[in-house]
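Peer 1: So the chains spell out like this:
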Amino acid sequence: MAKTLFEWDYADYPGAKTYPHLFKPIQIGNLMVPNRIKYAATEDNLNGHDGFVTDAGVEYMRQRAIGVVGGLCFMQGVYMDPKRQGQGYVGQAACWDDKFIPGLKRICDAIHKAKAVAGFQLMDCGRVGAVEVDYCHGPSAVPQRLRIFKPVEEMTNADVKTMIQQHADAARRGVEAGFDIMEISGIVGYLISNFISSYTNRRTDEYGGDLRGRMQAVVEIIQGVKDVCGSDVPVGIRLCSEELLDDVRGNTPEESMETYKIAEEAGADYISCTLGWQESIYPVISRDIPMGNWIHLAKRAKEHVSIPVQMAYRLFKPELPNEKIGAGELDQWEICRSMIADPHMPKKVAEGKETEIRHCVACNLCLARLFRDAPMTCYINPVCAHEWQQEFANPKPAEEEKEVMIVGAGPAGLECAYMAASRGHEVHVYDKRDVIGGTLNEAKNAPYGDDELWTCIEYQKVMCEKAGVNFHLGTEVTDDLIEDEMPDTVVLATGPAYSKIEAPGGDSDKIVNLLDVMSDKAEVGETVVMYGNRKPGIGCALHLAKQGKKVTIVGKEKSAGFDVNPSFKWRYMIYMRQNGITVYNDCDIDEITDEGVVVKAYDGIRWPIKCDTVVVSDRGPNESLKKTVQSEGIELFVIGDALIPRNLSSAVHDGYRIGIRL
Amino acid sequence: MLVDTEKEITKMHRMLYSTRNEIGKTYYRWRQVAVELAGDNVKPLDVSLRAAEVFGKDIGKSFLPRMNWLKGEEGFLMILAKSLAGLWNTEGGLATIEKGEKPGEIKIKCLRDPWPTWAKEYGAPMEEVAVCRERMYQTILEDVSAFMNVPLKIELQKAIARGEGETVMTLSKVE
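Note that the protein sequences, when read in sequence, are chains A and D.
Note that my numbering has the first sequence beginning at 1, numbered continuously upward.
Note that my numbering has the second sequence beginning at 1, numbered continuously upward.
What the hints contain is simulated information worked out from the structure, not anything from laboratory work.
Each residue gets a CB set at the ideal place from its N, CA and C atoms; glycine is no exception.
Hints should not be assumed to be uniformly reliable.
[What the hints assert, rightly or not] Computed, partial: chain A to chain D, Cβ under 10 angstroms:
id, residue
1, A141
2, P143
3, Q144
4, S198
5, R202
6, D246
7, D247
8, P447
9, A497
10, Y498
11, K500
12, I501
13, T593
14, D603
15, W607
[Said to hold, decoys possible] DSSO-like cross-link-like pairs, simulated, lysine-lysine; straight-line CA separation at most 30 angstroms:
id, chain 1, residue 1, chain 2, residue 2
16, A, K600, D, K11
17, A, K99, A, K317
18, D, K57, A, K83
19, A, K558, D, K25
20, A, K546, D, K71
21, A, K500, A, K510
22, A, K558, D, K82
23, D, K57, A, K569
24, A, K558, A, K461
25, D, K71, A, K558
26, D, K71, A, K569
27, A, K461, A, K626
28, D, K173, D, K25
29, A, K150, D, K153
30, A, K610, D, K7
31, D, K107, D, K120
32, D, K153, D, K82
33, A, K550, D, K57
34, D, K102, D, K25
35, A, K150, D, K71
36, D, K11, A, K558
37, A, K569, D, K82
38, A, K150, D, K7
39, A, K510, D, K158
40, D, K107, A, K558
Go ahead and model the full structure; you've got the sequences and the hints to work with.
Peer 2: And the structure:
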């Protein structure tokens, strides 16, 4: 008889009727889990650099535990060696000594308080570890492909046996801390995957050689962990279904499926199906990869093993996992980034409040920050990692109710509007456009998944309606309107002012604005010069290149897309190359002629580029209305691109921060 | 268009040559410092060879992200040889690659090399140049070999000390 930890009845949850397969129980080992939802272990860099759990980490997990409505909730993977070679993140939780148990118990208790199943993950980061020491460890000393990682020290046979024992010891501590289910991480280039892969394991002892040999350490780890966990605590493993390392002679997909079978034979109670390494040259989870792109791999995994199969990877919405679970092609829906963006996402699905979900936009800023030793943050969710700061995460109602005029219904204005209104202010949002969304109306037309950015506006619209925000669309705010209305507070969220080209010919009729191009209002010739090498210029250049136009980007920044986070920027670099876009960085337009433009580099070198059209994407702060508001003595805030042109994330974060301050 | 293209290209060309020249001279200025600091017990050639290893180690790391086995062994070796020749060309050489006489062998030929001229200018033996390049390439290959799990070697076949005429190296897999 399988053990049930918490009773859940989803009969009154409307989402359980819409997505019945997501809210039916599943048995894993001897544990009955009430639903098919799992918050997958995710590093957050919120713990102390000594590996001890912090208040920030506990509260972060508490919110995710509430979100899984009784499902599996895994805390981040812990490193297990006192030498810290297995530590891959500065704020990763440690578990190499009993002294860490009380902190881990705090996280476990927080998960249990939400009546969720508490998961504990063992994660030695292998060749991507050693964030605080000089050498990481691995089965073989294969040089690093990426300079960001430390040199690899080959583990001796004794080191391997010690590492196996460390997994068992850490599992015992996890059980003592009260966790209900155990997981071994063998993904994305971490130690277990290093042992399995032909790319990184060239050992000649019993832990190397053929696939069985390369799996030997994994088998001993599973068996060792199972021994300490006993029959009540199931043990699962996350393994690559495809390494995507063909270019460096990694394992074949067939070999990967064989590893699944070996793990099952060794006693694994479930498999979490993953793919790709940090060193892979193929993208896996960025926005340019369509939703559901990898779900067929779960089906293939199920054809090879009989234990439950879980999977995440671009499954942001409930429809597909519900369908695949119903079809027997998947057993559990793993969620990671979607619950960074909205910790209560599955709960909202269950409650039939899907329109209130703040969707992840797959920008990978969260990962970029973790790799650069910064605490977790989210592009789209300003509260992420601030959950423990009550005044920030759950701001109090306003002490004094104000009449707030917000100028601009873009992402900054809308975010500010619903936050301010939900705190009791009377909020009026004005926009000269007839529609909300600001410049995202145009930005969403850029290729490679930028339409997903619009989910931010959809969410904000619902939240504004819920909070009772008043909209005045199609109304341009003028000095007179401000003087007539005389609000208590004005928030300028007007978006950026587009730069003028300050060069001879700057009034040429071949110059058009980026917004007009993205909304197909401007006539664009076959050869185009894009003025501005930040994200808007790149997005528009790709939009035009996709139409077959020859595009050249000329921009003042030293590197194109410097405002795009590094975990996504590399994608744009490849797409620009693939679409034949030429880029001149650290350059300006020196002259616009009948034939095209003259470009001038930082060092004075000039050269001509023929073009039919020049698109201006360069932006500056928007100073309009500021003087009027200040001269009337009205409280003023400037947010988003109107303050300094940046990106969607800054707009949302600005809006939220001012919304809770008003 | 109001651009005097000849003037602009001349300007860029001069800048490129000056930059290369300065890089070469800077190397020999530093070599002089290193030889002085090393003292009489260390041979200048050993200082130069050690520098070649340091350069090779770092350049080797920059090669790794581009290593790709998808085009098979021959394709991999060709791309690697192109990268080595490209490095020479960036420094002002005139290097090309071609298939060698033996199967799996690729020749890297350089018809002109500015390094011996700089060496002479700073009183360093011109003979050092080719040996140091060989050592630098060998060090690059150490990491590439370990990374791809393919033992590789590069050997200097022919060199004229003054840098005129043909310098030839062969790249191949260790059988």
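Peer 1: Look at each hint and say if it fits the structure.
Peer 2: Here's how the hints hold up against the structure:
1. Contact between A141(A) and chain D, as hinted, is supported at the beta carbon level, the nearest pair being about 7 angstroms apart and thus within 10 angstroms.
2. A distance limit of 10 angstroms between C-beta atoms decides the matter here; for P143(A) the minimum to chain D is near 5 angstroms, and the interface restraint holds.
3. Proximity of Q144(A) to chain D holds as hinted, the smallest CB-CB distance being about 7 angstroms (cut-off 10 angstroms).
4. Proximity of S198(A) to chain D holds as hinted, the smallest CB-CB distance being about 8 angstroms (cut-off 10 angstroms).
5. Interface hint status for R202(A): upheld, as the beta-carbon distance to the closest one in chain D is roughly 6 angstroms, under 10 angstroms.
6. Interface restraint check: D246(A) against chain D, minimum CB-CB distance 6 angstroms, threshold 10 angstroms, status holds.
7. Of the supplied interface hints, the one on D247(A) holds, with its beta-carbon coming within about 4 angstroms of a beta-carbon of chain D, less than 10 angstroms.
8. Nearest Cβ of chain D to the Cβ of P447(A): about 25 angstroms, over the 10 angstroms cut. The hint is violated.
9. Because the beta carbon of A497(A) sits about 29 angstroms from the nearest beta carbon in chain D, more than 10 angstroms, this interface hint is broken.
10. Interface hint at Y498(A): violated, since its Cβ lies 25 angstroms from the closest Cβ of chain D, which is beyond the 10 angstroms cut-off.
11. Hint status for K500(A) relative to chain D: violated, with the closest Cβ pair at about 20 angstroms, above 10 angstroms.
12. Taking 10 angstroms as the C-beta cut-off, the interface hint given for I501(A) is violated, the closest approach to chain D being about 16 angstroms.
13. Of the supplied interface hints, the one on T593(A) holds, with its beta-carbon coming within about 5 angstroms of a beta-carbon of chain D, less than 10 angstroms.
14. Given hint, D603(A) at the interface with chain D, holds; its Cβ is 8 angstroms from that chain's nearest Cβ, closer than 10 angstroms.
15. For the restraint placing W607(A) at the interface with chain D, the shortest Cβ-Cβ distance is roughly 6 angstroms, inside the 10 angstroms limit, so the hint holds.
16. About 13 angstroms separates the Cα atoms of K600(A) and K11(D), which keeps this hinted pair within 30 angstroms; it holds.
17. Between K99(A) and K317(A), the direct Cα distance comes to roughly 40 angstroms. Violation of the 30 angstroms bound is thereby established for this hinted pair.
18. With a C-alpha separation of about 27 angstroms, the suggested pair K57(D) and K83(A) falls inside the 30 angstroms cut-off, and the hint holds.
19. Of the pairs offered as hints, the one joining K558(A) and K25(D) holds, with about 27 angstroms between alpha carbons and a cut-off of 30 angstroms not exceeded.
20. Between K546(A) and K71(D), the direct Cα distance comes to roughly 28 angstroms. Compliance with the 30 angstroms bound is thereby established for this hinted pair.
21. Between K500(A) and K510(A) the alpha-carbon distance is near 13 angstroms, which keeps this suggested pair within the 30 angstroms criterion.
22. Distance restraint check for K558(A) and K82(D): the Cα-Cα separation of roughly 28 angstroms lies within the 30 angstroms cut-off, and the hinted pair is therefore satisfied.
23. For the hint pairing K57(D) with K569(A), the CA-to-CA distance comes to about 27 angstroms; that is within 30 angstroms, so the pair holds.
24. A hinted pair counts as satisfied when its Cα atoms are at most 30 angstroms apart, and K558(A) with K461(A) does not qualify at roughly 37 angstroms.
25. For the hint pairing K71(D) with K558(A), the CA-to-CA distance comes to about 34 angstroms; that exceeds 30 angstroms, so the pair is violated.
26. Restraint check for K71(D) and K569(A): satisfied, since their Cα atoms lie roughly 26 angstroms apart, inside the 30 angstroms limit.
27. Between the alpha carbons of K461(A) and K626(A) the distance comes to roughly 26 angstroms, so the proposed pair stays at or under 30 angstroms and holds.
28. A C-alpha spacing of about 35 angstroms is found between K173(D) and K25(D), which places the hinted pair above 30 angstroms, so the restraint is violated.
29. Simply put, K150(A) and K153(D) have alpha-carbon atoms about 26 angstroms apart, close enough for the 30 angstroms limit, and the pair holds.
30. A C-alpha spacing of about 19 angstroms is found between K610(A) and K7(D), which places the hinted pair at or below 30 angstroms, so the restraint holds.
31. Between K107(D) and K120(D), the direct Cα distance comes to roughly 27 angstroms. Compliance with the 30 angstroms bound is thereby established for this hinted pair.
32. Our distance criterion of 30 angstroms between C-alpha atoms is met by K153(D) and K82(D), whose separation comes to about 15 angstroms.
33. Proximity of K550(A) to K57(D) is assessed by CA-CA distance (about 40 angstroms); at most 30 angstroms being required, the pair is judged violated.
34. Straight-line distance between C-alpha atoms of K102(D) and K25(D) comes to about 38 angstroms, which puts the hinted pair past the 30 angstroms bound.
35. With a C-alpha separation of about 29 angstroms, the suggested pair K150(A) and K71(D) falls inside the 30 angstroms cut-off, and the hint holds.
36. Proposed proximity of K11(D) and K558(A) is supported: the alpha carbons are some 21 angstroms apart, at most 30 angstroms.
37. This hinted pair checks out: K569(A) and K82(D) have alpha carbons roughly 27 angstroms apart, not beyond 30 angstroms.
38. In summary, the hint linking K150(A) to K7(D) is not supported, as the alpha carbons are separated by about 47 angstroms, beyond the 30 angstroms threshold.
39. Our distance criterion of 30 angstroms between C-alpha atoms is broken by K510(A) and K158(D), whose separation comes to about 58 angstroms.
40. For a cut-off of 30 angstroms, the pair hint linking K107(D) to K558(A) is broken: about 37 angstroms separates their Cα positions.
In this structure, the earlier hints numbered 8, 9, 10, 11, 12, 17, 24, 25, 28, 33, 34, 38, 39, 40 are contradicted, and the remaining ones agree with it.
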